[in-house]
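Could you build all of it, start to finish, from the sequences and the hints given here?
If you're matching them up, the sequences are chains A, B and C in order. Each residue of the first sequence is one higher than the one before, counting from 1 in my numbering. Each residue of the second sequence is one higher than the one before, counting from 1 in my numbering. Each residue of the third sequence is one higher than the one before, counting from 1 in my numbering.
Hints in this document: simulated from the structure, not taken from any laboratory. Hints are supplied without guarantee of correctness; some may be wrong.
Note: identical chains are not told apart, hence a pair may lie in one copy or across any two.
Unchecked claim - Below, computed lysine to any residue pairings styled on SDA-like, alpha-carbon distance capped at 25 Å: (1) K40 with P214; (2) K40 with V156; (3) K40 with L213; (4) K40 with L159; (5) K40 with V215; (6) K40 with Y209; (7) K40 with I152; (8) K9 with Y23; (9) K40 with N155; (10) K40 with I154; (11) K40 with Y5; (12) K9 with A135; (13) K9 with H41; (14) K40 with A88; (15) K40 with I101; (16) K9 with V125; (17) K40 with I105; (18) K40 with R162; (19) K9 with T193; (20) K40 with T102; (21) K9 with A88; (22) K9 with G93; (23) K9 with I39.
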Amino acid sequence: MTEWYQTLKIYFGTDPFFLALEYLGTFAAAISGIRMASIKHFDWFGAYVIGFVTALGGGTIRDVMLGVRPFWMFHSGYFTCTMIAVLAVWLFGRHVIGERITWFIFDTIGLAAFTVIGIQKTELVLGSECSWWLAIVMGTITGAAGGVGRDILINVVPLIFRKEIYALACIVGGFGYYALHYFTGLHAHWCATVCFVIIFFIRYVAIRYHLGLPVLRGRPKRW
Amino acid sequence: MTEWYQTLKIYFGTDPFFLALEYLGTFAAAISGIRMASIKHFDWFGAYVIGFVTALGGGTIRDVMLGVRPFWMFHSGYFTCTMIAVLAVWLFGRHVIGERITWFIFDTIGLAAFTVIGIQKTELVLGSECSWWLAIVMGTITGAAGGVGRDILINVVPLIFRKEIYALACIVGGFGYYALHYFTGLHAHWCATVCFVIIFFIRYVAIRYHLGLPVLRGRPKRW
Amino acid sequence: MTEWYQTLKIYFGTDPFFLALEYLGTFAAAISGIRMASIKHFDWFGAYVIGFVTALGGGTIRDVMLGVRPFWMFHSGYFTCTMIAVLAVWLFGRHVIGERITWFIFDTIGLAAFTVIGIQKTELVLGSECSWWLAIVMGTITGAAGGVGRDILINVVPLIFRKEIYALACIVGGFGYYALHYFTGLHAHWCATVCFVIIFFIRYVAIRYHLGLPVLRGRPKRW
Chain A
1 MTEWYQTLKI
11 YFGTDPFFLA
21 LEYLGTFAAA
31 ISGIRMASIK
41 HFDWFGAYVI
51 GFVTALGGGT
61 IRDVMLGVRP
71 FWMFHSGYFT
81 CTMIAVLAVW
91 LFGRHVIGER
101 ITWFIFDTIG
111 LAAFTVIGIQ
121 KTELVLGSEC
131 SWWLAIVMGT
141 ITGAAGGVGR
151 DILINVVPLI
161 FRKEIYALAC
171 IVGGFGYYAL
181 HYFTGLHAHW
191 CATVCFVIIF
201 FIRYVAIRYH
211 LGLPVLRGRP
221 KRW
Chain B
1 MTEWYQTLKI
11 YFGTDPFFLA
21 LEYLGTFAAA
31 ISGIRMASIK
41 HFDWFGAYVI
51 GFVTALGGGT
61 IRDVMLGVRP
71 FWMFHSGYFT
81 CTMIAVLAVW
91 LFGRHVIGER
101 ITWFIFDTIG
111 LAAFTVIGIQ
121 KTELVLGSEC
131 SWWLAIVMGT
141 ITGAAGGVGR
151 DILINVVPLI
161 FRKEIYALAC
171 IVGGFGYYAL
181 HYFTGLHAHW
191 CATVCFVIIF
201 FIRYVAIRYH
211 LGLPVLRGRP
221 KRW
Chain C
1 MTEWYQTLKI
11 YFGTDPFFLA
21 LEYLGTFAAA
31 ISGIRMASIK
41 HFDWFGAYVI
51 GFVTALGGGT
61 IRDVMLGVRP
71 FWMFHSGYFT
81 CTMIAVLAVW
91 LFGRHVIGER
101 ITWFIFDTIG
111 LAAFTVIGIQ
121 KTELVLGSEC
131 SWWLAIVMGT
141 ITGAAGGVGR
151 DILINVVPLI
161 FRKEIYALAC
171 IVGGFGYYAL
181 HYFTGLHAHW
191 CATVCFVIIF
201 FIRYVAIRYH
211 LGLPVLRGRP
221 KRW
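So this is what it looks like as structure tokens:
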């Protein structure tokens with residue numbers, strides 16, 4: 001690490017790389033939530049709340065389960081970030097948000113960024129107690145739970161259960177993170193980047209070629 | 001404070017003003033939940049559970065996020081209070097509950113009382129760490145989350161996203177609380193009363209004149 | 001207690017009787033969740049998640065409210081158990097899962113086992129602070145909340161509010177537990193067994209004779 005990076009780290013009280021990733025994920029997930037809310041004709045405050053839940057819901061569940069206070073309590077920046085997302089949808093909404101590719105990009109960036117952040121935070125909080133499988137589970141929850149919360153609030157069956165591969169991408173990405181860490185011993189920044197790219201790539205392939213997992217057999221004869 | 005008030009405070013282990021407000025809110029919110037459940041033809045136990053979630057859901061989420069045990073664990077009074085609400089709906093239901101004005105009053109008292117309680121409790125738990133914006137956010141969550149839980153359980157899109165101004169009233173009330181506290185330094189009881197009145201008034205005006213926030217633009221061209 | 005039982009207790013770090021009951025409940029509840037997911041044509045990963053939420057959701061909520069880390073964080077066995085449940089539904093699904101009796105058995109075993117575990121865990125965590133009514137409430141939440149989470153995720157009104165007696169069975173079972181404990185002073189294993197049997201029996205009678213609680217009066221004249 002260069003010196004200026006250390007200075008930044010001290011200034012922010014956390015690793016700037018992961019902080020930037022967290023804000024990127026917050027903005028992207030908020031956009032994906034607000035878009036959904038605008039489809040359902042919510043007013044702008046409702047859209048703000050949906051954006052907020054989509055962006056910070058996963059991390060809140062993660063932090064509550066880890067027994068620490070939710071991360072957004074310590075800094076009002078996440079509220080501002082969500083507000084900027086609402087403004088962005090308001091300004092550029094008609095032209096940009098409707099496109100399927102925009103939706104994919106924001107939704108997937110949110111998913112991938114939060115998975116990485118979830119793994120990182122779980123490692124940080126649990127320290128040496130942290131098993132790799134638990135970090136992957138918590139990363140997947142961080143990445144996917146926000147979208148599930150959004151879908152529960154707008155009263156539809158969560159996308160994660162209906163559409164292309166979501167949570168499995170997070171899990172594969174998490175395995176990639178730990179495989180890289182174990183076999184090459186690379187710095188967490190590199191592992192995180194690879195994890196992010198894996199998740200993005202799997203989601204891209206799944207959507208591009210309409211891939212999904214096989215549906216479970218075993219429908220009941222009668223109810 | 002007079003002496004008998006101090007005695008009450010020691011007896012209850014908490015400020016009787018806020019305790020009374022909390023029970024008022026619990027009763028009112030429970031009524032609003034039970035009414036919704038009775039519309040959906042739930043049995044009386046289901047109605048009890050919905051009433052309980054509406055009344056105590058917001059405070060439970062607040063307490064879990066603040067890292068303390070939910071307040072209803074320490075005293076069985078909240079269960080009794082919800083049970084009385086079920087009885088009240090059972091006895092007077094046919095004549096009173098159906099009126100739109102009854103619904104408005106109970107729903108809004110619950111919202112306003114819990115917002116005040118949420119601000120108060122957040123200040124109490126976090127102490128000097130507590131920023132005013134966080135207290136307002138936690139107050140709004142305390143006030144609004146119970147109703148959201150109710151709507152999720154009865155499987156409708158939460159009212160808060162569909163109808164007249166809800167959460168925004170809580171936020172404005174919260175600002176009123178802190179503005180009064182900052183500029184006049186009045187006792188918390190007065191700030192709380194003003195906050196309650198502001199929320200009630202905003203909700204009344206919103207319902208009376210069918211006010212709502214503008215719906216967000218940006219509907220997608222295709223899905 | 002015999003000596004080999006003590007050895008087992010030390011080996012597992014917990015009472016093997018309750019550990020076995022917990023795994024039995026996890027497997028049964030997971031089956032009931034996966035069956036529901038397969039009715040809704042979820043893919044197998046979605047079914048896995050639904051199974052997981054049904055099985056571990058109640059206990060997670062209980063642990064978070066008690067202020068301890070969710071129990072499944074300390075051992076990957078619960079993930080494996082849910083995976084075996086998915087496999088079982090995949091293999092035997094077509095022939096077995098569809099039958100109403102299979103559904104009843106798995107659903108009820110999950111409900112009864114988790115209620116007992118919930119009472120037990122609440123007593124363990126709170127110690128002498130634990131009131132009997134709180135233990136019963138937490139047991140009921142542990143037993144019933146998983147199924148509510150499942151129903152929220154598949155976007156239906158929770159079964160617990162629509163069908164035969166659920167949560168009331170847990171409460172009656174909990175009273176049985178404490179009555180037995182108070183009047184006879186029997187060992188927790190016996191109280192737990194009786195509690196389990198009471199819940200199972202009430203559910204059986206309710207389903208067999210189509211018993212339900214009376215629906216609450218008080219429908220509104222207008223909305």
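Okay, the hints, checked on the actual structure:
| no. | hint | result |
| --- | --- | --- |
| 1 | K40 with P214 | between (30 Å within a copy, 13 Å between copies) |
| 2 | K40 with V156 | both (11 Å within a copy, 13 Å between copies) |
| 3 | K40 with L213 | between (28 Å within a copy, 14 Å between copies) |
| 4 | K40 with L159 | both (15 Å within a copy, 13 Å between copies) |
| 5 | K40 with V215 | between (28 Å within a copy, 10 Å between copies) |
| 6 | K40 with Y209 | between (28 Å within a copy, 23 Å between copies) |
| 7 | K40 with I152 | both (13 Å within a copy, 16 Å between copies) |
| 8 | K9 with Y23 | within (16 Å within a copy, 44 Å between copies) |
| 9 | K40 with N155 | both (10 Å within a copy, 16 Å between copies) |
| 10 | K40 with I154 | both (7 Å within a copy, 19 Å between copies) |
| 11 | K40 with Y5 | neither (44 Å within a copy, 50 Å between copies) |
| 12 | K9 with A135 | within (23 Å within a copy, 28 Å between copies) |
| 13 | K9 with H41 | neither (42 Å within a copy, 47 Å between copies) |
| 14 | K40 with A88 | within (18 Å within a copy, 36 Å between copies) |
| 15 | K40 with I101 | within (20 Å within a copy, 28 Å between copies) |
| 16 | K9 with V125 | within (18 Å within a copy, 29 Å between copies) |
| 17 | K40 with I105 | within (21 Å within a copy, 28 Å between copies) |
| 18 | K40 with R162 | both (18 Å within a copy, 10 Å between copies) |
| 19 | K9 with T193 | within (19 Å within a copy, 44 Å between copies) |
| 20 | K40 with T102 | within (18 Å within a copy, 29 Å between copies) |
| 21 | K9 with A88 | neither (29 Å within a copy, 50 Å between copies) |
| 22 | K9 with G93 | neither (35 Å within a copy, 54 Å between copies) |
| 23 | K9 with I39 | neither (40 Å within a copy, 50 Å between copies) |
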